[in-house]
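Enquirer: Please build the complete structure, drawing on both the sequences and the hints.
Residue numbers (our numbering), protein chains in the order written: chain A, 1 to 399; chain B, 1 to 399; chain C, 1 to 399; chain D, 1 to 87; chain E, 1 to 87; chain F, 1 to 87.
In short, the hints are calculated from the structure, not lab data. Please note: incorrect hints may appear among the correct ones.
[Said to hold, decoys possible] Subject to a maximum C-alpha distance of 27 Å in a straight line, what follows is the list of computed DSS-like cross-link-like pairs (lysine-lysine): (1) K39/D <-> K39/A; (2) K232/C <-> K39/B; (3) K39/F <-> K122/C; (4) K330/B <-> K217/B; (5) K82/A <-> K330/B; (6) K39/C <-> K209/C; (7) K223/A <-> K213/A; (8) K232/B <-> K39/A; (9) K82/A <-> K206/A; (10) K223/B <-> K39/D; (11) K209/B <-> K39/A; (12) K39/B <-> K122/C; (13) K226/C <-> K213/C; (14) K226/C <-> K275/A; (15) K223/A <-> K39/E.
Since the model is a prediction, treat every value here as computed from it, not as a measurement.
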Amino acid sequence: MEILRNLFEMTAFGSLFQSPETVLMLLIGGFLLYLGIVKGYEPLLLVPIGFGVILANSLGGEMGVVPENDEIMHMSLLEIAKNHGIMNLLYYSLIKTGLLPPIIFMGVGALTDFGPMLRNLKLAFFGAAAQIGIFSVLLGAIAVGFTLKEAASLGIIGGADGPTAIYTTIKLAPHLLGPIAIAAYSYMALVPVIIPFVVRLTTSKKELKINMKEQDKLYPSKKPIKNMKVMKILFPLMMGGIVAVLVPSAVPLVGMLLFGNLVKEIGSSTERLHKAASGGILNTATIFLGLTVGGTMTASAFLNTQTIMIIVGGFIAFCFSVAGGIYAVKVHNIFAKKKINPLIGATGLSAVPMASRVANEVALKHDPSNHLLQYAMASNISGVIGSAVAAGVLISFLS
Amino acid sequence: MEILRNLFEMTAFGSLFQSPETVLMLLIGGFLLYLGIVKGYEPLLLVPIGFGVILANSLGGEMGVVPENDEIMHMSLLEIAKNHGIMNLLYYSLIKTGLLPPIIFMGVGALTDFGPMLRNLKLAFFGAAAQIGIFSVLLGAIAVGFTLKEAASLGIIGGADGPTAIYTTIKLAPHLLGPIAIAAYSYMALVPVIIPFVVRLTTSKKELKINMKEQDKLYPSKKPIKNMKVMKILFPLMMGGIVAVLVPSAVPLVGMLLFGNLVKEIGSSTERLHKAASGGILNTATIFLGLTVGGTMTASAFLNTQTIMIIVGGFIAFCFSVAGGIYAVKVHNIFAKKKINPLIGATGLSAVPMASRVANEVALKHDPSNHLLQYAMASNISGVIGSAVAAGVLISFLS
Amino acid sequence: MEILRNLFEMTAFGSLFQSPETVLMLLIGGFLLYLGIVKGYEPLLLVPIGFGVILANSLGGEMGVVPENDEIMHMSLLEIAKNHGIMNLLYYSLIKTGLLPPIIFMGVGALTDFGPMLRNLKLAFFGAAAQIGIFSVLLGAIAVGFTLKEAASLGIIGGADGPTAIYTTIKLAPHLLGPIAIAAYSYMALVPVIIPFVVRLTTSKKELKINMKEQDKLYPSKKPIKNMKVMKILFPLMMGGIVAVLVPSAVPLVGMLLFGNLVKEIGSSTERLHKAASGGILNTATIFLGLTVGGTMTASAFLNTQTIMIIVGGFIAFCFSVAGGIYAVKVHNIFAKKKINPLIGATGLSAVPMASRVANEVALKHDPSNHLLQYAMASNISGVIGSAVAAGVLISFLS
Amino acid sequence: MNEGFSTALMLLAVGMITVFTILALIVIVGNILISLVNKFIPETKIRAVVKAATLGAIDPRKMAAIVSAVDIVTEGKAKVTSITKAE
Amino acid sequence: MNEGFSTALMLLAVGMITVFTILALIVIVGNILISLVNKFIPETKIRAVVKAATLGAIDPRKMAAIVSAVDIVTEGKAKVTSITKAE
Amino acid sequence: MNEGFSTALMLLAVGMITVFTILALIVIVGNILISLVNKFIPETKIRAVVKAATLGAIDPRKMAAIVSAVDIVTEGKAKVTSITKAE
Ligand code: NA
Ligand code: NA
Ligand code: NA
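Expert: In structure tokens form, the structure reads like this:
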């Protein structure tokens, strides 16, 4: 008899009965795995996040991230591990310190090619307009009762950039990390749905038929780049300088992105560093980022109305960002002779390179000769800088 | 003169005279290197462990792990590094926190193929019986004076699984980590000797001639698996669910194993994660696990009667586990028409995939047509789950 | 109006006006990048260091390493990250703990081939004489007012070995880490200039024409090595033993170097460990070492007369080390019948394998048949051991 | 017998029961799962195409071509684990 | 309106102004940079040769040969990312 | 001279003596080691075969075949550092 009682106490049955909402969380974890595995939505992030959710809600497994409190912030790593297990050890040493997002940005930089942006530099400007979703949702979130810091973290979803969203949330509202990261990556995966949806609401067929290559022939203006290798090395350094002077708080993100890009563009003499940044380091960081972000999503932290509002707000932020980029192009087209396809604006939100591919497909549907992928990439990549800068502004004012 | 005295004080001669047993430890380190390099016994672990032993016993090098005490547990990593050097920094941040064994299990999962287990699912049951060595040696160790926690750590050697043994020992009796890890890995390397030895003591030639494929033809029963890819993704998730509900304290080990396996089985869309888990992360973790486990083996921690009892107890645990699996098959064969070769039971202790290869060789010696490798792998892999579950039970009750 | 004021406060303009010397630091960072990228001087280190300097001096970016103080040494990593940002997190957990240099030495060991040293073992002796630069500059630095610990860190630049210089400086004078690391790597990159310069001052044309292969034919003495594979495994273990007994404080450096070499020489059975040590681990450590060393170079820490004296002292140390090796050969040639080319002594300072290549080129200029690369490598590699031992002596006496 | 011994006996019972229960459940539920998958997902429906926003990812069709080429050349002995697009 | 709302409005203004300013600067300074590079560094001067003390590094010319060979064989679809010298 | 200077002089003496002693020992003991190995282990006895429980390891003979094939193709310039078994 006593053995049976011991047996029962060892299992999670007791705690499951006490917190039935945990079952819902397990289903949510399973759903995220389904999205990542079967639907192919951002599997590199959604699979670890989904699995992390399941681990975190395996009651008694000590794999759920506990909310930060004054005590934990002063504990040594050994004490955290002893009192709260390895998931909290990983969360508090890698995420709560803000370490992993810049590390991942270094890897993203090491995989980014600024060539398309350089070749159509003017289009980079439209990466600015597409940040409007961030700030307008910030306003709206204040209206429905979020604090300033929470509202900023919610708005940054509209930056359509995972590491930027996570970094900002860690700095401003770490208790919302789970739902915000989920929303950011889910909507990035849904860009093939969101962009056509917003484009349909905001543009005419005539606009979508603007052929970028023909415009280039009609109004030739672009300078040829004689020495692309040198330009690719100097350009990120120049961007870094501008960002460092104007928004220094964006330096940890933008700086690491540009460092990763630099060791890529230098070539064979720093190939070892490039390989590490874009390979082992990035992949390892992705695994632990995903698992720990999932680990924050315990029932008590996730199942509340804030989460629902984040899901809704994030969607609005995405749509506004896309629309912002589109309307910026429209305004440009009123004044300029050389027209730009509004799809170029739509990709300004980032979600590289998915947004560009989607824009390209939409364009080809309206004019099978209108290959605008390279043009879209220009505003697409500049949108990464744009939202990192926006994040810097928010962190600088609110943290 | 003073220069010579200074010179002498800088060297390790003084301390060597004071602790001649250190020389014995250096010889033990050398012997472990010999086993790993020349004999080819588990070189990936025994070489780093052996080298770690030598580093730890290089007196004055500050490379030996100091026993944990209340002071260290509350130190910051900086203080540990400053006061006790980098070996203690690595030990206390990676091992004492319990981090590396689950990380290594993630890598093991990323290298494991559950296919053979799925194809002969019924045989997985014999991975349970082979855990008897763990619990019977626990009993025996109590009898000779070990505490409960120490006895459990000793018993877990019979799980024939390095990371499981190390994880359990970290949680229950970290002061025994060195000898227990050495015993676990050494006996795993000696499986080609231990299994034939136990098999000879417990089985008849007639039993060893039971031909699995013929039995399959005589009593066809197995369901074909129509969609192996989907099954390989769902199966680890299902196992994870069962373990999480029944033995939540095994989740850090089993969960990470299954996560590693999942990113492997999903395929190309999570290939980056699979590559990191089974490559860079696993190899790096192996280096530091080995060096630090070796680092715990200072003369004062290793040279005592407990170590000798651990060496003896570990061997008994291995033998009992093998015998447990064999007798479970024998009992099954009494009642069932469809006979099973007892070698399938012998592989239930894990030590994947060495045990299966040895079983296969023994079978072929008795019947050159009796290729039972795939059958043996079923119980062999299930033995990994079995001992992780046993570890969870022990940790849940004793920590 | 208020918006504009807010905007201004967010930017770095204010702080730039307050500390104009930061602009000079940014130029120094740019110059290091120029050396690494355009001149190809040690790009694997100078590019991350240069970029780290730029990050550290992006005011408001919280990417500069703050000087250590009692408070920081007792902070948890979480507190360091929260109060001082990720650059300090990385610096205090990876560098200040002394972790990365031994890790990098493990990678260096995994890339080193002791074969040339074994084949001309006698020449290894000249790696000792070339350490004279370390100790003579230590003396000189005392004379100009450095403390003993600072002087030792300055002198170790003459060891011509980056990780050794960094490790010693971390242990003895961490506030000088930036300039010392810069000086060490810069002069290592300038070895093609420094060696010919010193050789011209100290040797005659006749000496430079000594042909090593002819000498070998005239005075045959060398034992053939029948089993190179076994020798390559035993030799590092033997070296480790000698160093461990005589200078135990050099064990963290030399021990890790030899461990890396051991897993390389064992071959396929430890290939996983070799791959990790020489690949992912080494590359990752190099990135973070470079960025954080650069991160220490804030204006206040770098722009002072000490830095200038370190630049000068480092150059003198290099020259003296080269000269020390050369004169040791000259003394040998006075007594021995079998002459040695003084260039063999010049490579004793280490800077592997650049020094050997330079020596080879100089020799070929004087006698196109005098290929002495393999001979030079013997003293060149032994110089690595030599300066690690010297570092051990300094740390043992001064820390 | 002492306290420790009775706890150890209890652990022997609890431990072996748990291990047997769990592996039995794995066998049983696993077989049910096989039946369900055989019935409802008899063919692979997992999309092989990576839809993720992997920056600069290689075209999956080209990747398949390369992988199969390597497969033929090496007779299945080697596997391409990563391909980096050349400029 | 409350305090938070006015701060949010200010952030909207400051944020969008900053983002526009920075991307405008990137476009402008970038174009200046292109002109300067076209004028002063029209051809590549970066030395491809690794001068670093990379232990046991492979000869850069041989590396170039291998890379181009792989390039031809794979028609540019694959890229050699690391070569380790055999003994 | 001051305290620091005399310590520095002592370090010069102790340091150079130590470095010379250690490298001399390495030369001497190294030569003894060569003689011993030449006498007692003249041929390689290290088993190349990995006996470890490396999960899913590739057959060493197949590996040797692949490695030598690559060696021939690349004329020894490249080395296979890892092969993953395809399913
Ligand atoms: Na964006
Ligand atoms: Na087992
Ligand atoms: Na040296």
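Enquirer: Now, for every hint given, state plainly whether the structure supports it.
Expert: Status of each hint after checking the structure:
1. Between K39/D and K39/A the CA atoms are separated by roughly 21 Å; this keeps the pair inside 27 Å, and the hint holds.
2. Straight-line distance between C-alpha atoms of K232/C and K39/B comes to about 17 Å, which keeps the hinted pair within the 27 Å bound.
3. With a CA separation close to 20 Å, the supplied pair K39/F and K122/C stays within the 27 Å bound.
4. The suggested pairing of K330/B with K217/B holds, with an alpha-carbon distance near 21 Å, which does not exceed 27 Å.
5. For a cut-off of 27 Å, the pair hint linking K82/A to K330/B is broken: about 43 Å separates their Cα positions.
6. Proximity of K39/C to K209/C is assessed by CA-CA distance (about 31 Å); at most 27 Å being required, the pair is judged violated.
7. Distance hint between K223/A and K213/A is fulfilled; the C-alpha atoms sit about 15 Å from each other, no more than 27 Å.
8. Proximity of K232/B to K39/A is assessed by CA-CA distance (about 17 Å); at most 27 Å being required, the pair is judged to hold.
9. In summary, the hint linking K82/A to K206/A is not supported, as the alpha carbons are separated by about 64 Å, beyond the 27 Å threshold.
10. Of the supplied pair hints, the one linking K223/B and K39/D holds, its CA atoms being roughly 12 Å apart against a limit of 27 Å.
11. Between the alpha carbons of K209/B and K39/A the distance comes to roughly 49 Å, so the proposed pair goes past 27 Å and is violated.
12. Using a Cα cut-off of 27 Å, the hinted pair K39/B and K122/C is violated, with the two alpha carbons roughly 33 Å apart.
13. Under the criterion of a C-alpha separation no larger than 27 Å, the hint pairing K226/C with K213/C is consistent with the structure, at around 21 Å.
14. Our distance criterion of 27 Å between C-alpha atoms is broken by K226/C and K275/A, whose separation comes to about 39 Å.
15. Distance hint between K223/A and K39/E is fulfilled; the C-alpha atoms sit about 12 Å from each other, no more than 27 Å.
Violated hints, in rising order: 5, 6, 9, 11, 12, 14; the structure is consistent with all others.
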